[in-house]
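The opening position of the sequence shown corresponds to residue 2 in our numbering, with each subsequent residue numbered one higher.
Don't take each hint at face value.
To be verified - Derived CB-CB ranges, DEER-like:
hint, residue 1, residue 2, range
1, Arg-360, Arg-330, 14 to 22 Å
2, His-286, Glu-169, 23 to 31 Å
3, Ala-57, Lys-211, 52 to 60 Å
What the hints assert, rightly or not - Subject to a maximum C-alpha distance of 27 Å in a straight line, what follows is the list of computed DSS-like cross-link-like pairs (lysine-lysine):
hint, residue 1, residue 2
4, Lys-538, Lys-332
5, Lys-496, Lys-512
6, Lys-547, Lys-211
7, Lys-433, Lys-518
8, Lys-332, Lys-367
9, Lys-281, Lys-240
10, Lys-547, Lys-367
These are calculated hints, taken from the structure and not from any lab test.
Every residue, glycine too, gets a C-beta built ideally from N, C-alpha and C.
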Amino acid sequence: MRENAECILNSEYYTVGLDSLNTAKTLATIEGSTALRRILNISDMVRSHARLRPQAVGTLDSRRSLTFKEWDHRASGLAKGLMAQGLQVGERVAVLAFNCIEWMEIYVALARAGLVAVPLNFRLTAPELLYIMQDAQVTAVIAGHELQPHTEEVRHQLPLKACVVFGEPPASGWLAYEEVVNTAYTDKDWPEVSPQSLCALMYTSGTTGKPKGALRSHEASTLVAYATAMEMGFTRQDKGLLVMPLCHANSLYFANTFIHLGACVVVDDSSSFNPESLLKNLAQHHITFTSLVPTHYIMVLGLPNEVKARYALESVARLLISSAPASERLKRDIMTLFENGSLYELYGSTEAGWVTLLRPEDQITKLGSVGREWAGSGPIKLLDDNRQEVADGEVGELFSCTPYAFEGYWQSPQKTAEAFHGAWVSVGDMAKRDADGYIWLIDRKSNMIISGGENIYPSEVENVLASHPDVQEVAVVGVPHPKWGESVLAAVVLKEGASAQSEVLQDFCSKRLAGYKRPRQFVFLQTQDMPRTATGKIVHRHLRQKFIDAFEPADVT
């Protein structure tokens, strides 16, 4: 698929023959141990830290902590226990759980056994879980006890070799996690796992249809960890707090980074996001980094001043905001609360990994941009429908060229071919580039509204409405119109105590948007009514379906 891929780096063309590269990375064996002339995965790194710093705490949640030695031992027992159930190298293992320390053990154990993790979104229904598990052809499932009933509904429809549950005594047909972890092992039990082997089959959030399985290799996961440490300046002394779901690429990539460095990973295992609990964790554990979405920051900043003042936040040195646009006011308020914290904004995807980074010095001067390419990546291409590059300032489909992109979609060569343009990969986002080389996301190609032949990008309308002082959150979708094809509908969440009505927002938009871009209808919702992915992104497709019959065509002007 990507043989002899070309990426433009430093204005020169470098042609990389992947066959030659893989040959150069061929594993050697010395006295039964894999030689280290290759890229190491998270299993290798936990084992290394266990040897060099056995008593250092590697990971923890609210219930327990693990030194690197303990982490390495428990991961080995779990790996051997799964192998004892008949699982073979390369088979897929579904994992369904809320955030907890077990995720850290499971990811390392699966890497050690040469198994492929299929992390499942805990918000999915039983039919949705069944679709992914059947599509991935999983042969085992590991579930937290709270979510075990969801998989119990579907497991009999799958050829599973093992079902493992943690947190409570197992039901009939299930194995107790701790018993599997306590399986005896020797250091010669482990299969050889190459950097090119798959470590995860990660299903996209499905904002545009059925979820697709993105194939991630150990090599790509390690390279994204190295790039993250290099660009954001992480070291072994850092301590990261993972709030985003561990079934999602964001937390997984940052976990990989800290594992490679030997830094401590703290897992926020709250049942739901609590802004004061977040501040408590940051202060209690002397956290130096966390990644949150704008809604999280808004909730934290909304706490009473006396509550925020209770917690010492001086240790927080870096913060990430991603997954949705953030206003200047929000960014300034974040930087005021975390006075020692450098703020980063990131754009990426499960498929491409990290794509762009808006660095701390650009947060205000390039407000609204997602930044520039990560160091070590090729230049972004913005292409029209004919796959020709567009000029700066014009909108095109964003194709990135990263050294840690995915290997393609599981059992879907057509979708894989559509995603790649040579070595460049796209997930359907539309963007433009300014004269300074900064990238500005416009919208997802699939979210675009066409009204009277005019293209309308919802994010442009959303950014205008989000700047109104009464608006906390907004999502814009197209609904059918008998004359224009589609018209614009805005779903709005007002700030607490705000009372802006449709007429006020219409007038606000009339001064800032062309007539064809302005919403013709406004629907006011509560925050919990917005359909979201596990990372907090609003699913426009679901909103559109919800409102498609809400207005009679005769009432639409």
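Take the C-alpha atoms of Lys-538 and Lys-332, compute the straight-line distance between them, and say whether it is at most 27 Å. holds, 18 Å
Are Lys-332 and Lys-367 close enough, with their CA atoms no more than 27 Å apart? holds, 12 Å
Lys-281 and Lys-240: Cα distance at most 27 Å? holds, 15 Å
Range hint 23 to 31 Å (beta carbons of His-286 and Glu-169) holds or violated: With a Cβ separation near 27 Å, His-286 and Glu-169 satisfy 23 to 31 Å, so the hint holds.
Could you tell me whether the CB distance from Ala-57 to Lys-211 stays inside 52 to 60 Å? violated, 43 Å
Taken at face value, is the distance from the CA of Lys-518 to the CA of Lys-433 at most 27 Å? holds, 19 Å
Quick one, are Lys-547 and Lys-367 close enough, alpha carbons at most 27 Å? Violated. Lys-547 to Lys-367 sits at ~35 Å, over the 27 Å cutoff.
Keeping to a limit of 27 Å between CA atoms, is the pair of Lys-496 and Lys-512 held or broken? holds, 22 Å
Should the hint that Arg-360 and Arg-330 are 14 to 22 Å apart at their CB atoms be regarded as holding? holds, 20 Å
Is it true that the CA of Lys-547 sits at most 27 Å from the CA of Lys-211? holds, 18 Å
Figure legend: structure checked against the earlier numbered hints; hints not met, in rising order: 3, 10.
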